[in-house]
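From first to last, the protein sequence lines are chains A and B. The first sequence begins at 0 in numbering that gives the first Met the number 0 and counts up one residue at a time. The second sequence begins at 0 in numbering that gives the first Met the number 0 and counts up one residue at a time.
Check before you lean on any hint, since a few could be wrong.
[Unchecked claim] SDA-like, lysine to any residue: derived pairs with alpha carbons at most 20 Å apart: (1) B:K43 <-> A:K308; (2) A:K220 <-> B:A34; (3) A:K220 <-> B:E67; (4) A:K23 <-> B:E67; (5) A:K308 <-> A:F294; (6) A:K220 <-> A:D242; (7) A:K308 <-> A:A225; (8) A:K224 <-> B:E67; (9) A:K224 <-> A:H306; (10) A:K77 <-> A:A156; (11) A:K332 <-> B:R6; (12) A:K224 <-> B:E58; (13) A:K77 <-> A:F41; (14) B:K59 <-> A:R226; (15) B:K55 <-> A:I305; (16) A:K298 <-> B:E58.
Just so you know, the hints here were simulated from the structure itself, not pulled from any lab data. These numbers were taken from a predicted model, which means no experiment stands behind them.
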Amino acid sequence: MIKIVHYINQFYAGIGGEEMADHKPEMREGIVGPGQALMAAFGDAAQITHTIICGDSFFAENQADATATILGFVEQIKPDVFIAGPAFNAGRYGVACGSVAKAVQEKFEIPVVTGMYEENPGAEMFKDSVYIIATKNSASGMRDAAPKMANFALKLARGEEVKASIIDGYLPNGTRLNFFEEKRGSERAVNMLLKKMAGKPFTTEFPMPAFDRVAPAAAIKDLSKARFAIVTSGGIVPKGNPDRIESSSASKYGEYEYAQIGSTPQDVYETAHGGYDPVYANVDSYRVLPYDVLFELQKEGKIGSIHPKYYTTTGNGTAVKSSAAFGQEIAEKLLADGVNAVILTST
Amino acid sequence: MVKEIERAGIAVVHICTITPISMTVGANRIVPAVAIPYPLGDPKMPHSDEVALRRKIVEKSLNALATEVDGQTIFE
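With the hints as constraints, model all of the structure from the sequences given.
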């Protein structure tokens, strides 16, 4: 029997949402939450004997300590395989899954598997270090992801040959594998060309790497003459969220004038963000949108001027494509107003 | 958003808690924050200390904006 330890977050363990994201690492005997879906795929071939649970914020803010504790748990059990997640498009959870899986793989030299959506920041960070099964972007993809992860884990546990990412369903990790195609190159190329000419979708056999880096802007020479703006992905909106910015997977951003300094923040602002515990930002939005001190610095002459509006969205499972579009629109508005520098805060 | 704003020629400083994510996304000037739910504050502190802490982080961010960088830089 193949023995498996499974790592999940506080949400999938049923402990709670963001208000419980500071949950410290713990280990329970048996199966918890999504472990059920994995077990359904394992049948009699493998058993999840223990489940390790850690809050996403606790892991992100105490990475070294949390990892040490989790490695201690794994050491006690000595599993044959370690599975983390799937994390879908949850950023902190994805980073935690990738990070824990990598640490387990390095320390115990056992197979590890996790699962994520390709845009999860954890995917970019860990896909070259651990096998990450490609999943959909939300928990609705569990039914699809669990058997894929389970079967791949069995394959690794049995020492079977790992095939190319396109066959085994993991995110490409930079390893090239040789295999014989059924059709020869000329035929495949002509077919691809015909599809392209007909405007139909086709898959290239040689994707170009996407290096999307932006060169740093020049430094601000004289802060006391520069014009500043604040942008946030922390979802601070006027009380009542007038534009109904979504709590996750935002389809829009908001632009709002600053409330008068001195007004009680909790009377005028709240956060629309569904990906962190909102209590602290709802009580005092300056913790996310620091315009109180920015205006103070302006009054003291340390900075030149401030754009009259701030821009806000919820960076919670929001597609890269949407975020990029928001950024472009915001940049146009800021340029039109002569803004030189932006302070962008994220939660 | 960080990248698209910087691409337009505006200097950006990214204040965030999980700096490795900011590195992955491609921010060039990064200032570490306090915690995910309160990047620029600390509810455990008396209010005046909290404001002072926030001012320190914003000043550090201004300093980052005034500093030339070759590539991605975390201003600890």
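Here's how the hints hold up against the structure:
1. B:K43 <-> A:K308: violated (30 Å)
2. A:K220 <-> B:A34: violated (30 Å)
3. A:K220 <-> B:E67: Roughly 9 Å separates the two Cα atoms, so the pair holds.
4. A:K23 <-> B:E67: Measuring from Cα to Cα gives roughly 40 Å; hence the hint is violated.
5. A:K308 <-> A:F294: holds (13 Å)
6. A:K220 <-> A:D242: violated (37 Å)
7. A:K308 <-> A:A225: holds (16 Å)
8. A:K224 <-> B:E67: holds (17 Å)
9. A:K224 <-> A:H306: Holds: K224 (chain A) and H306 (chain A) sit about 13 Å apart, inside 20 Å.
10. A:K77 <-> A:A156: holds (14 Å)
11. A:K332 <-> B:R6: Holds: K332 (chain A) and R6 (chain B) sit about 14 Å apart, inside 20 Å.
12. A:K224 <-> B:E58: Given pair K224 (chain A), E58 (chain B) holds - Cα atoms ~16 Å apart, limit 20 Å.
13. A:K77 <-> A:F41: Status holds; Cα separation ~19 Å.
14. B:K59 <-> A:R226: holds (17 Å)
15. B:K55 <-> A:I305: holds (19 Å)
16. A:K298 <-> B:E58: Between K298 (chain A) and E58 (chain B) the Cα gap is close to 14 Å, so the pair holds against 20 Å.
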